Amino acid sequence: GAGVSQSPSNKVTEKGKDVELRCDPISGHTALYWYRQRLGQGLEFLIYFQGNSAPDKSGLPSDRFSAERTGESVSTLTIQRTQQEDSAVYLCASSLGLDLETQYFGPGTRLLVL
Amino acid sequence: AQKITQTQPGMFVQEKEAVTLDCTYDTSDQSYGLFWYKQPSSGEMIFLIYQGSYDEQNATEGRYSLNFQKARKSANLVISASQLGDSAMYFCAMRPYYGGSQGNLIFGKGTKLSVKP
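Sequences listed follow chains X and U, in order.
So the first sequence is residues 1273 to 1386, counted in this note's numbering.
So the second sequence is residues 9 to 125, counted in this note's numbering.
One or more of the hints may lead you astray.
Unchecked claim - One-sided and incomplete, this derived list gives chain U residues near chain X with beta-carbon spacing under 8 Å:
| hint | residue |
| --- | --- |
| 1 | P48 |
| 2 | G51 |
| 3 | E52 |
| 4 | F99 |
| 5 | N112 |
| 6 | F115 |
| 7 | G118 |
What the hints assert, rightly or not - List of simulated lysine to aspartate or glutamate pairs, EDC-like, C-alpha gap at most 16 Å:
| hint | chain 1 | residue 1 | chain 2 | residue 2 |
| --- | --- | --- | --- | --- |
| 8 | U | K11 | U | D37 |
| 9 | X | K1287 | X | E1357 |
| 10 | U | K11 | X | E1316 |
| 11 | U | K81 | U | E69 |
| 12 | U | K78 | U | D34 |
| 13 | U | K117 | X | E1316 |
To be verified - Cβ-to-Cβ under 8 Å is the rule here; a few derived chain X residues that face chain U:
| hint | residue |
| --- | --- |
| 14 | Q1313 |
| 15 | F1317 |
| 16 | A1360 |
| 17 | L1363 |
| 18 | T1374 |
| 19 | Q1375 |
| 20 | Y1376 |
| 21 | F1377 |
| 22 | L1384 |
Treat the hints as calculated values from the structure; they're not laboratory data.
All values reported here derive from a predicted model rather than from experimental measurement.
In this text, a Cβ means the ideal position worked out from N, Cα and C, and glycines have one as well.
Take the sequences, apply the hints, and build the full model.
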């Protein structure tokens, strides 16, 4: 009966390298969301999935960011050619559906780009 | 454009006292949901309470209640009988009923609550 899990919990990488962040939603949750939280800031929406479809990718900050989801399960957020400004906590959330269902968050992945 | 405003960057409260965290929102949608989340220093976002725009009663969940004033577009969180474990960042968030164009939550910048023993 686990909640949302994310891996890795921490990631340190060098500028220019690619990173892949993983999210396992709560079983049965069809909607999955990715957010970014910079130090001392609120959450910034990146992308959501309904099933394995991502209808709107306009929240992604640049074309270096991409995400995919396998069925109604795991999602990966990939950042190519990382930059220092990509350093943040990346939070994943899932909900039963897209309407007013509560979103439940994972513990996040803390990314530091040196 | 939809926006959440939390005007209190930081708040202090004495243990066992009540505290109100302010939240105002801006939206042209008729149907929406309002949420409060708690983020302790560990970083995880913990759902606290939800209020639907058409709900006539203010939401309550244990020591948390939401003071919803629709005409003023405010959704303040009231924490009664504060405990040391309530020290955390608190985020107010909003979501249009039909998910708007994205289905995502729109967050305020947060209020850091510190409970003093």
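Going through the hints against the structure:
no.: 1; hint: P48; verdict: violated, 11 Å
no.: 2; hint: G51; verdict: holds, 5 Å
no.: 3; hint: E52; verdict: holds, 5 Å
no.: 4; hint: F99; verdict: holds, 6 Å
no.: 5; hint: N112; verdict: holds, 4 Å
no.: 6; hint: F115; verdict: holds, 4 Å
no.: 7; hint: G118; verdict: holds, 5 Å
no.: 8; hint: U:K11 - U:D37; verdict: holds, 12 Å
no.: 9; hint: X:K1287 - X:E1357; verdict: holds, 10 Å
no.: 10; hint: U:K11 - X:E1316; verdict: holds, 12 Å
no.: 11; hint: U:K81 - U:E69; verdict: violated, 21 Å
no.: 12; hint: U:K78 - U:D34; verdict: holds, 11 Å
no.: 13; hint: U:K117 - X:E1316; verdict: holds, 10 Å
no.: 14; hint: Q1313; verdict: holds, 7 Å
no.: 15; hint: F1317; verdict: holds, 4 Å
no.: 16; hint: A1360; verdict: violated, 11 Å
no.: 17; hint: L1363; verdict: holds, 6 Å
no.: 18; hint: T1374; verdict: holds, 5 Å
no.: 19; hint: Q1375; verdict: holds, 6 Å
no.: 20; hint: Y1376; verdict: holds, 6 Å
no.: 21; hint: F1377; verdict: holds, 4 Å
no.: 22; hint: L1384; verdict: violated, 14 Å
The structure fails to meet hints 1, 11, 16 and 22 from the earlier list, while all remaining hints are met.
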